[in-house]
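K.L.:
First to last, the protein sequences are chains A and B.
For the first sequence, position 66 matches number 66 in my numbering, and the numbering has no gaps at all.
For the second sequence, position 169 matches number 169 in my numbering, and the numbering has no gaps at all.
Since the hints were derived computationally from the structure, they do not count as laboratory data.
Treat the hints with care, since some could be wrong.
What the hints assert, rightly or not - If we take Cβ atoms under 8 Å as the criterion, some of the chain B residues that face chain A in the derived model are:
id, residue
1, Met1
2, Pro2
3, Ile4
4, Pro59
5, Leu60
6, Met104
7, Ala268
8, Cys269
9, Gly272
10, Cys274
11, Gly276
12, Arg279
13, Pro289
14, Val290
15, Tyr291
Said to hold, decoys possible - Think about it this way: if two alpha-carbon atoms lie no more than 30 Å apart in a straight line, the pair counts; the simulated DSSO-like pairs of lysine-lysine are:
id, chain 1, residue 1, chain 2, residue 2
16, A, Lys263, A, Lys208
17, A, Lys86, B, Lys296
18, B, Lys83, B, Lys296
19, A, Lys263, A, Lys185
20, B, Lys83, A, Lys86
21, A, Lys208, A, Lys185
Each residue gets a CB set at the ideal place from its N, CA and C atoms; glycine is no exception.
Given next are the chains, with one letter for each unit.
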Amino acid sequence: MHVGCADVDASADEGACAGAGIGAGADAGVGVDLRVSLGGIELANPVVMASGTFGYGFDYEGLVDPEAVGAICVKGTTLLPRAGNKPPRTAETPCGMLNSIGLENPGIETFIREHLPRLRERGATVIANIAGDTVEEYVRMAEILQAAPGIAGIELNVSCPNVARGGMHFGVDPGSVHSVVRAVKQATSLPVMPKLSPNVTDVVAMAKAAQEAGADAISMINTLLGMAIDVEARRPVLGNVFGGLSGPAIKPVALRMVYQVAKAVDLPILGGGGIMYARDAIEFMMAGATAVSIGTGTFVNPRLAIEVIDGMRHYVAGHNLTSVRRIVGAAIM
Amino acid sequence: MPCIEAANVLRHDCVGPGMYEMEISAPAIAAVAAPGQFVHMHVRPVWNGQQQPSAQAQPLLRRPFSISDADSNASGSITILYKVRGAGTQLLANARPGDRLDVMGPLGIGFTLPEPPSRPQSQTESQPESQPELRPWRQPAARSPHSLLVGGGVGIAPLVFLAHALARAGHRVTVFYGADTAGDMQSALRRLQASGAGSIRVFTTTLDGSAGLAGIVTDLLTAEPSATALEDVDCIYTCGPEPMMAAVEQFALARHIPGEMSLETALACGVGACLGCARRLRTNPGASPVYARVCKDGPVFSFGQVELNPAPCGEE
Chain A
1 MHVGCADVDA
11 SADEGACAGA
21 GIGAGADAGV
31 GVDLRVSLGG
41 IELANPVVMA
51 SGTFGYGFDY
61 EGLVDPEAVG
71 AICVKGTTLL
81 PRAGNKPPRT
91 AETPCGMLNS
101 IGLENPGIET
111 FIREHLPRLR
121 ERGATVIANI
131 AGDTVEEYVR
141 MAEILQAAPG
151 IAGIELNVSC
161 PNVARGGMHF
171 GVDPGSVHSV
181 VRAVKQATSL
191 PVMPKLSPNV
201 TDVVAMAKAA
211 QEAGADAISM
221 INTLLGMAID
231 VEARRPVLGN
241 VFGGLSGPAI
251 KPVALRMVYQ
261 VAKAVDLPIL
271 GGGGIMYARD
281 AIEFMMAGAT
291 AVSIGTGTFV
301 NPRLAIEVID
311 GMRHYVAGHN
321 LTSVRRIVGA
331 AIM
Chain B
1 MPCIEAANVL
11 RHDCVGPGMY
21 EMEISAPAIA
31 AVAAPGQFVH
41 MHVRPVWNGQ
51 QQPSAQAQPL
61 LRRPFSISDA
71 DSNASGSITI
81 LYKVRGAGTQ
91 LLANARPGDR
101 LDVMGPLGIG
111 FTLPEPPSRP
121 QSQTESQPES
131 QPELRPWRQP
141 AARSPHSLLV
151 GGGVGIAPLV
161 FLAHALARAG
171 HRVTVFYGAD
181 TAGDMQSALR
191 RLQASGAGSI
201 RVFTTTLDGS
211 AGLAGIVTDL
221 LTAEPSATAL
231 EDVDCIYTCG
241 PEPMMAAVEQ
251 FALARHIPGE
261 MSLETALACG
271 VGACLGCARR
281 LRTNPGASPV
291 YARVCKDGPV
301 FSFGQVELNP
311 APCGEE
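Same shape as in the complex, but just chain A (with noise of 0.2 Å):
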């Protein structure tokens, strides 16, 4: 199904490249088959929100419309509401950006009650991210979302760095990995998908521990934990002493590690970490990724998520593939 091949031509490489998607031949590319499948969670195209970075899927509404991403990870949500932390909570960096919001969220049955129903209403697929102090709270939270309807999926956040437990404690050691995923593959029948932090020696161990323990698919990464010091101040920037580093300042640490862990493991991943165009998606992709997570590039470039679709269909199109699954480890040697 070469659909689109005679109007593609060289320049479809720029499509590809630098955001150049919107107008860029519109036609080219229109039915491209961009379907993938993240461990059970089925998507209409790899482009996914990171969570975090898009809320509850309506703050960037008409610019990037929630049903018209492949999924949305919504924001991290704990069983119990969260003040998060003390601000300043956000540094810019050179390429790049700290963050400390230490998982602000409402808890899992607001989320549920207040903001689900409209993800739902839209069509949008939702992937819920939950983070815990415990074992038994990841477990509780998937059988609270569970019984929800309109989930998904489930990302498990065992890498935040910014709160003291809840998050990165699970996801630097391979056999806290094994357990949490493990407990909650028996708790849902959901697909269960953990986010990986790249603060690690060796991810790969860890990839290993998620995929013997029955995880559906890898997220990866999280931010890098760093920090920032203002001179005249003689203090730290952020008032969490520590962030998160993401943005392109990240992206080939990011691909590197999705680039091994797809090497050694033989599940799905979504990989992402500092993506700001197409160009950026479809070296994930070459590198393992069969869908592709878009965070702190929305903040930069609200449409980001759109041009990346659209990119992503000129690549496919202009390379004669019939679907964007096609590409996926492509560059893997």
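Keeping the supplied structure of chain A fixed, place chain B upon it in accordance with the hints.
P.N.:
Just chain B now, with coordinates in the frame of chain A:
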């Protein structure tokens, strides 16, 4: 719902030391902008209206600017007033007429305008005698709302837009405006006085004494003749350095005058998604913290709502 425009720079003037006023063509934003709302924009020009934020480009994030005027009639333009403070505003200062900027807006919740002067009230309160040109629109025997706007430095930006909106709605407006020097305030003063409504009365202070009262803007709250002009003030709006806004808030709360302030902070998303711009709300002592988003729940907050920083907020 925010929109994004590739906004043509119509005018970009240096209006004081490190102070710039920029008028950009942004009809979709101008049509719906309200006083107190802001735009979130890239400081590097883009060409051809294309979104081309480069991964190599610094700075990465957009910068928020209060809308200082919106002309929804003629060209569909908005005006911003800013001071160069960091790398972002330094880059923006290089933009030239004809450049196009990637501008998202209007964002945030703006000022609450008082009820229109539809209800005639008893004329028992003393009116300032020295301003016969005030209130040419006033219905006989009606006392229209009187608003005080207190702006410090570049914080005057959203108050110019607000003053115009209030004056157009037939309200009496008194503006207290403090700046470093007389030169700093020329452009905002000119725009305040160009409203045509003739109902905006301005008192000024400068740190160097080159215009108005020598001192800081909050001195006007107690100095004469400005203090007398406040006798029938119904509400107070303020924007500027936080210590200044804290003083204005304290003045208002002590007199049970309602009012609002516009906060300034660095923003990442600008639309409420990232929760990065949280400010702590006032709660009972010992209560767990409650935060509000400056970008979405604000930037305008009521007096008494937000814990203010004792030190000036340095972000652009």
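K.L.:
Holds or violated: the hint that B/Val290 contacts chain A, with Cβ atoms closer than 8 Å.
P.N.:
6 Å, holds
K.L.:
Quick one, is the B/Pro59 hint okay against chain A at 8 Å, beta carbons?
P.N.:
B/Pro59 check passes; min Cβ-Cβ to chain A is 6 Å, inside 8 Å.
K.L.:
Taking only the CA atoms, is the gap from B/Lys83 to A/Lys86 under or equal to 30 Å?
P.N.:
28 Å, holds
K.L.:
Does B/Tyr291 pass the interface check with chain A, least Cβ-Cβ distance below 8 Å?
P.N.:
Holds, about 6 Å.
K.L.:
Is the interface hint satisfied for B/Gly272? The criterion is a beta-carbon contact with chain A at less than 8 Å.
P.N.:
5 Å, holds
K.L.:
So if I understand the rule, the pair passes when the alpha-carbon distance is 30 Å or less; does A/Lys263 with A/Lys208 pass?
P.N.:
Holds, at roughly 11 Å.
K.L.:
Given the hinted pair A/Lys263 and A/Lys185, is their Cα-Cα distance within 30 Å?
P.N.:
This hinted pair holds, its Cα atoms lying about 24 Å apart.
K.L.:
Take the shortest C-beta to C-beta distance between B/Arg279 and chain A; is it under 8 Å?
P.N.:
6 Å, holds
K.L.:
Mind checking the CB of B/Pro289 against every CB in chain A and telling me if the closest is under 8 Å?
P.N.:
5 Å, holds
K.L.:
Does the nearest C-beta of chain A fall within a distance shorter than 8 Å of the C-beta of B/Cys274?
P.N.:
6 Å, holds
K.L.:
Between B/Lys83 and B/Lys296, does the CA-CA distance stay at or below 30 Å?
P.N.:
23 Å, holds
K.L.:
Should the hint that B/Leu60 touches chain A count as held when the rule is a Cβ pair under 8 Å?
P.N.:
6 Å, holds
Violated hints are absent here; each numbered hint is respected by the structure.
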